[in-house]
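We have chain Z; now place chain Y onto it with these hints.
Going down the list, the sequences are from chains Z and Y. Using the working numbering, the first residue of the first sequence is number 1, and each one after it goes up by one. Using the working numbering, the first residue of the second sequence is number 1, and each one after it goes up by one.
I should point out that these hints are in silico values taken from the structure, not numbers from a laboratory. Fair warning: there could be bad hints in the mix.
Straight-line Cα separation of at most 25 Å, DSS-like style, residue types lysine-lysine; simulated pairs [stated by the list, open to error]:
hint, chain 1, residue 1, chain 2, residue 2
1, Z, K54, Z, K91
2, Z, K316, Y, K137
3, Y, K18, Z, K313
4, Y, K116, Y, K143
5, Z, K313, Y, K14
6, Z, K313, Y, K137
7, Z, K316, Y, K14
8, Z, K144, Z, K91
9, Y, K143, Z, K313
10, Z, K52, Z, K80
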Amino acid sequence: MSFRNVGIVYRKELTEALRDRRTLISTLLVPLLLFPVLTAGLGAAIASLIGKAKEEIPEVMIIGGSDSPEVVAGLQKLSKIKIVPTTPNYKEQIGNKEVRAAVDIPANFQSDLTEQRAATVKIYVYEGEMKSGIAAARVEEYLKNFRDGVVKDRLAAKNLPTTVLTPFDIKQQNVAPPEKVGATAFGGVIGYMVILLCFTGGMYPGIDLTAGEKERGTMETILSSPISRMHLVLGKFLLVLTASLVTAALSVTSMGISFAVLGHLHAFDQAGNDAAQLQMHIGLATVLSVFVMVLPLAVLFSALIMTIALFAKSYKEAQSYITPIMMLVIIPAVAAMLPVDLNAKLALVPILNASLLCKELVTGTYHWNYIAIIFFSTCVYAAAALFLAVRMFQREEVLFRS
Amino acid sequence: MIETRGLTKTFNDKKRGKVKAVDSVSLVCNPGQIYGLLGANGAGKTTTLRMLATILEPSDGTAIVAGHDVVDAPEKVRANVGFLSTATALYPRLTSQEMVEYFGRLNGLDEATLKKRLDEIFERLDMNSFRDRRCDKLSTGMKQKTSIARTLVHDPQVMIFDEPTSGLDVMTARTIIGFIRECRDRGKTVIFSTHVMSEVEKLCDVIGIIQSGKLLAEGSLAELRDRYHKQDLEDIFVEIVAPLYVPEEGN
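Chain Y extracted, bound-state conformation:
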């Protein structure tokens, strides 16, 4: 489970001075649920998820992820989290298998367990044909599968996806979407960020709309439709975000 309490991140920007990239965000995501963080570019999605994955440290507030505090026990949090984004690339000079093995070892798996997990994952994701191929020689689809295998190797309770389909073709994106759904079906806690409305409509149990670092609205798709008297998610999104929207805010 994920629970954030007043999660805040302030950056020092040369031009704008102190910028609150994430401003007191409090949200809850339960096991077996997909939480979709919906927002425009620069709204604060990536920073929020990076704090949940303990890649960044919160300036204020905190979050409990898989039972551990992100500020007090970041390493324990990471041991229970699978983090995937378009920015999490693979090591080009390692083979697909070496890449997954490396992360298995870093997650403290012993060699016997690691081997079992690898065989299982490579079989399930149909990756055996390119197991020993170097990552820089893989196709985009193969790379995505390797990344997925990397996040799954330690069987984490919580999955964090930061715009996982951005820049991917339809077929590869579908693999990822299918994978996210599977994570939920296996009882994992899933949070993911996107600016693609259709993905949110298809996948999410809870939607959080974020702009200028603030969580402006939260609820299931049905609840949001009810509250804003609109059917189309995009219309709802625009109505919520428009008052705060500043184009090209940047990160």
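So that you can see chain Z by itself, here it is in the shape it has in the complex:
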């Protein structure tokens, strides 16, 4: 093994990569910008949209109610909704978002109440549509208060205390520290992002150094030099690995900074969201542990990308091979966002294990036995992929595929 030769190849590939716009964008720019844009940009945009939706005074129609003036007057007095004249095609209008909701007060509602007969008030709503939902919630809130008032009056009339209806209260109390609450909510997303960027960071150089070299006709040039194919692969592999790790490191750093800034600004406060939910302190220890976990995964990705891309004759062909592989990376990475907990079996599933572990690490949970299994199993997969890449470079039918 000559480290000198591996170093020569690595240095040359690094020089070329630093002059390649595509590689620079995918390795440096995307991870640096993604998290600030995602957290601040998208977050602020969502917050402002939700805020606007809540500020809007939705238009609501009242159907019936001519014999129940008290309820109608109460609804009309509400400042958070606007009652508009009723039209027969109200259902259609709700569907077309011309009116946000309609409240159907049955005939004889008021007299039924007085005589203590059951009655149902219907609210027509466009399910899943946020503004319609807000309108319906406001109407419902009023009706519930109205109902509570009726109940209170009836109890008072019979000289009974209100505790007859609610003999005891139930309350959920959060005991997790606020940063853990935030981390649990976002931990899955973070693992997913880091893993995905680790892959995409290595993708362009991985293709460029293999299929790209074939396409440009430099493969035969380099093969005519005395360097052994193993040293050549290792030099190239180290560059792809560097790109992948730089991307991962930048994304973790940029993620840490983004969340820190966000926590500081309480950007979500305006939207009335719980600011504590987003207080995520991704400390140095977390960043380092996520990075260490990503290390063997980056080796696996780099070797895998090179092995597959080498098979292709051109950059384009390689991209069409790598895209489905990317899906194979995304699916287990996304699966970790589901309510799944690590166990010994899952710790052996590549990518999914690292993704689940990232989720735990971000919340500051360290299950050392799983960490060991995941680290070593990923190392084994990575070594196998690297071995495959070296073997691929020794196969003439792959290098000179025509």
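Structure of chain Y alone, referenced to chain Z:
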């Protein structure tokens, strides 16, 4: 020196099954000599030369190049060979100088020797004006010079040229032809492949005619003329090759 013994290369072809691209080729090329491998497209020239440059491994037989066996010591062979073909392109994002330096380092030159060699070659090939220009910004002629500098940087004993003038304009082709002649004059062993008769007539000390992977005839131009009672090399070539010629054989 180059000596091949029963050099054979078999490929697996999806349509045709096992194909012998090179079939028991035995030839000798001595220092200070130019050996011209003449053949139609798909005759087996490129595969033969790639085996000599150890880019491909022989399926059978072997070759001794610059005193080393291509099967047993391919890396030693490559350290003594300069290989140039139209398929050996340059790295577009490296400068002309970086390109040559890279190959000098891969050939094990230390930095002091490398610098001396670079200055010498860049001066001799008149390349100083574009030394620091990126290869993707070079003209065809400049690219060819850089490629030549790349093959010369380690001062190899054996030079292998695979259709070196194919696709080049007359002036650039002349530079290459002049370079090949210079290699011989410096005592190097030179083998090159072509399908251009005039190049062979001008340059070669020994001509080998190859078709369907087989070396069908070998000798100096004068010997071939004598043997086939013809003056024109093209006529001689056609007479030798015609019985085996299959159009569009492909690689």
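| said: Between the alpha carbons of K52(Z) and K80(Z), is the straight-line distance 25 Å or under? | reply: holds (13 Å)
| Pairwise hint evaluation, K14(Y) against K313(Z), where the allowed Cα distance is 25 Å at most | holds (17 Å)
| Holds or violated: K316(Z) with K137(Y), Cα cutoff 25 Å? | Holds, at about 23 Å.
| said: Tell me if the straight-line CA distance from K54(Z) to K91(Z) falls inside 25 Å. | reply: Given that 25 Å is the threshold and the Cα spacing comes to 22 Å, the pair holds.
| field | K316(Z) paired with K14(Y) [C-alpha distance capped at 25 Å] | value | holds (24 Å)
| said: Hint check: K144(Z) vs K91(Z), CA-CA at most 25 Å. Holds or violated? | reply: holds (23 Å)
| request: Sort out whether K313(Z) lies within 25 Å of K143(Y), counting only the CA atoms. | output: holds (23 Å)
| request: Sort out whether K313(Z) lies within 25 Å of K18(Y), counting only the CA atoms. | output: holds (22 Å)
| said: Against the 25 Å threshold, does the CA-CA distance of K313(Z) and K137(Y) hold or violate the hint? | reply: Holds: K313(Z) and K137(Y) sit about 24 Å apart, inside 25 Å.
| 25 Å Cα cutoff - pair K116(Y), K143(Y) | holds (21 Å)
The structure fails none of the hints (numbered hints given earlier).
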